[in-house]
Amino acid sequence: MNNYYQPQAETMPVEDIKKLQQEKLLKQVKYVYDNVKYYRDLMDKKGVKPEDIKTLDDISKLPFLSKDDLREAYPYGMLATDLENCVRIQSTSGTTGKRVVAFYTQNDIDMWEECCARAIVAVGGDKSDVCQVCYGYGLFTGGPGLNGGSHKVGCLTLPMSSGNTDRQIQFMMDLNATILCCTPSYAAYIGETLKEKGYKPEDNKLKAGIFGAEPWTEEMRRDIEKSLGIKAYDIYGLTETSGPGVAFECQEQTGMHINEDHFYAEIIDPDTGEVLPLGSKGELVFTALDKEAFPLIRYRTRDICILTREKCSCGRTFVKMTKPMGRSDDMMIIRGVNVFPSQIEAVLLNEGYAPNYQIEVDRVNNSDTLDVYVEMTEESFSDTVKEITKKEKKLAAAIKTMLGISPAVHLVPAKSIARSEGKAVRVIDKRKRLGINI
Amino acid sequence: MAIKQLSIFVENREGTLVTVTDAIAKAGVDIRAMSVADTQDFGIFRLIVTDTKKAKEFLEASDCFVSITEVVGVAVTDEPGSLAKVVRVLADHNINIEYMYAFITVSKQYAFVVLRVADNAAAEKILSENGVRLVSEDDIVNL
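Chains as they are written, first to last, in the numbering used here: chain A, 1 to 438; chain B, 1001 to 1143.
Hints should not be assumed to be uniformly reliable.
Simulated pairs of lysine-lysine, DSSO-like, Cα-Cα distance not exceeding 27 Å [stated by the list, open to error]:
#  : chain 1 : residue 1 : chain 2 : residue 2
1  : B       : Lys-1053  : A       : Lys-415
2  : A       : Lys-386   : B       : Lys-1053
3  : A       : Lys-415   : B       : Lys-1026
4  : A       : Lys-195   : A       : Lys-152
5  : B       : Lys-1004  : B       : Lys-1125
6  : A       : Lys-30    : A       : Lys-19
7  : A       : Lys-231   : A       : Lys-432
8  : A       : Lys-46    : A       : Lys-24
9  : A       : Lys-24    : A       : Lys-54
10 : A       : Lys-226   : A       : Lys-394
11 : A       : Lys-430   : A       : Lys-323
12 : B       : Lys-1053  : B       : Lys-1085
13 : A       : Lys-46    : A       : Lys-18
14 : A       : Lys-46    : A       : Lys-30
15 : A       : Lys-390   : A       : Lys-432
16 : A       : Lys-386   : B       : Lys-1026
17 : B       : Lys-1054  : A       : Lys-415
18 : A       : Lys-415   : A       : Lys-394
19 : A       : Lys-386   : B       : Lys-1125
20 : A       : Lys-61    : A       : Lys-19
21 : B       : Lys-1004  : A       : Lys-390
22 : A       : Lys-311   : A       : Lys-323
23 : A       : Lys-386   : B       : Lys-1004
24 : B       : Lys-1053  : B       : Lys-1004
Quick caveat, the hints were computed from the structure, so don't treat them as lab data.
Note that the structure is predicted; figures quoted are calculated from it, not measured.
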């Protein structure tokens, strides 16, 4: 079954893709140099001018952009066009005042939604489908991205947003949803809830699911497929590049095709920054080839993966990326939210605690759990359980405000958090025992 | 009048109480009364000892978190209904008891009860006015 949303682009011969990418890159580098002072300064510092970029391979001469750059440039530093040309912002979850805010022109939104539409069509979606989107709507890109893609395909779109599982199930069953879009952990949870309510996998009309925004395993894919009676597909993207849909899985389910007409992908050695050949494991770097408002050149995703270009049975010629196999920084993805230990540390300091803490992440019943152990201070100790519990709750609320997800906070005695070689072990990610690539 | 109580924060896992009891033993201090409040994660070990200052010193040397709280001590006759009277007097005056624990003296004439309330002075006044015998720190040390 060959399902394409934009067949001409999706099945373009590799030489043509390269040619197109080269044309777009040269134009884009000049556009960014002329319009984004922040990146122009980086290029000048490195002694590179737009005219030095003559071929696709010359991209290695250009400076990288990191998340720190985007935070530093907050809010308008990376903007390449007048605000009046912009129609939307989206934002990453992140430290207050340190989040990344991405701007979109209408063309940027169209490109992003078309990428999502390709993902929906690739899993067998068309205008006869009912697409239930239970990614969060709002600043998070998951809901708006898939919602827009679903519109472009012409599906009947159910803009459910996340949560309220009973209502999700009611709409799913009563309105005969055929495609489900959400995080894999939420899909698993819906599957379990359906079973608890006495539904069998064949009772729903779902045929496919598009699941992303958090790490998941092949085992989890099989569980979801079994419990919902569907085929489960992966999708990849980041707010910085646009949102979900930068890469998507086809029916072969062997990795995600990168939308190469819009994004140029590189794999680099995270330590040296050297570009590695196809098939190498390294850090994924994206260049957005035609974004107008918030263009990114050589953005370091910190995701570790492998790119391959083998003939795919779906007929798409786009390069494929594996699921991210890890991170080259200390970011964790918990319940679909990006979490840095430094964010939790900032809350502790702000609340008057010493930065002696340990973060424990696990996955229980297919849902991520976050436990934060914090060493008690002299001032925070009192003789009643009530007071200590109150302090734990206050700290949990402050962390929730920062991260958007609720942790369980545990106050522990002084010096009880293990220190090795003077350096504390900050994060224990127990999800690794489940084979999840964090 | 109030009695000084030591509160020690301990993790709820095997072995943590040993640190506390060892430190008290090293200090050469007698424990007169104790109680443990437990939650899933932690416990609060509360002690009335013969030398609060010395015990605190030794506990802190063992990296324990110690706080000193003043609590009210009362002596109730060792017979049915006498504790009920104490509790009712406080309730009638809207004084909340955060926690309490009791210990029986060697003489068995009295049971000593330790009460944790928000306002010690108010509780002591009301209790005395209602004929409840209060216990001083000396009474406990000299048991």
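Hint-by-hint comparison with the structure:
{"no.": "1", "hint": "Lys-1053/B <-> Lys-415/A", "in the structure": "holds (23 Å)"}
{"no.": "2", "hint": "Lys-386/A <-> Lys-1053/B", "in the structure": "holds (26 Å)"}
{"no.": "3", "hint": "Lys-415/A <-> Lys-1026/B", "in the structure": "holds (21 Å)"}
{"no.": "4", "hint": "Lys-195/A <-> Lys-152/A", "in the structure": "violated (33 Å)"}
{"no.": "5", "hint": "Lys-1004/B <-> Lys-1125/B", "in the structure": "holds (18 Å)"}
{"no.": "6", "hint": "Lys-30/A <-> Lys-19/A", "in the structure": "holds (17 Å)"}
{"no.": "7", "hint": "Lys-231/A <-> Lys-432/A", "in the structure": "holds (25 Å)"}
{"no.": "8", "hint": "Lys-46/A <-> Lys-24/A", "in the structure": "holds (22 Å)"}
{"no.": "9", "hint": "Lys-24/A <-> Lys-54/A", "in the structure": "holds (11 Å)"}
{"no.": "10", "hint": "Lys-226/A <-> Lys-394/A", "in the structure": "violated (41 Å)"}
{"no.": "11", "hint": "Lys-430/A <-> Lys-323/A", "in the structure": "holds (19 Å)"}
{"no.": "12", "hint": "Lys-1053/B <-> Lys-1085/B", "in the structure": "violated (33 Å)"}
{"no.": "13", "hint": "Lys-46/A <-> Lys-18/A", "in the structure": "holds (26 Å)"}
{"no.": "14", "hint": "Lys-46/A <-> Lys-30/A", "in the structure": "holds (16 Å)"}
{"no.": "15", "hint": "Lys-390/A <-> Lys-432/A", "in the structure": "violated (32 Å)"}
{"no.": "16", "hint": "Lys-386/A <-> Lys-1026/B", "in the structure": "violated (31 Å)"}
{"no.": "17", "hint": "Lys-1054/B <-> Lys-415/A", "in the structure": "holds (22 Å)"}
{"no.": "18", "hint": "Lys-415/A <-> Lys-394/A", "in the structure": "holds (22 Å)"}
{"no.": "19", "hint": "Lys-386/A <-> Lys-1125/B", "in the structure": "holds (26 Å)"}
{"no.": "20", "hint": "Lys-61/A <-> Lys-19/A", "in the structure": "holds (19 Å)"}
{"no.": "21", "hint": "Lys-1004/B <-> Lys-390/A", "in the structure": "holds (24 Å)"}
{"no.": "22", "hint": "Lys-311/A <-> Lys-323/A", "in the structure": "holds (18 Å)"}
{"no.": "23", "hint": "Lys-386/A <-> Lys-1004/B", "in the structure": "holds (20 Å)"}
{"no.": "24", "hint": "Lys-1053/B <-> Lys-1004/B", "in the structure": "holds (10 Å)"}
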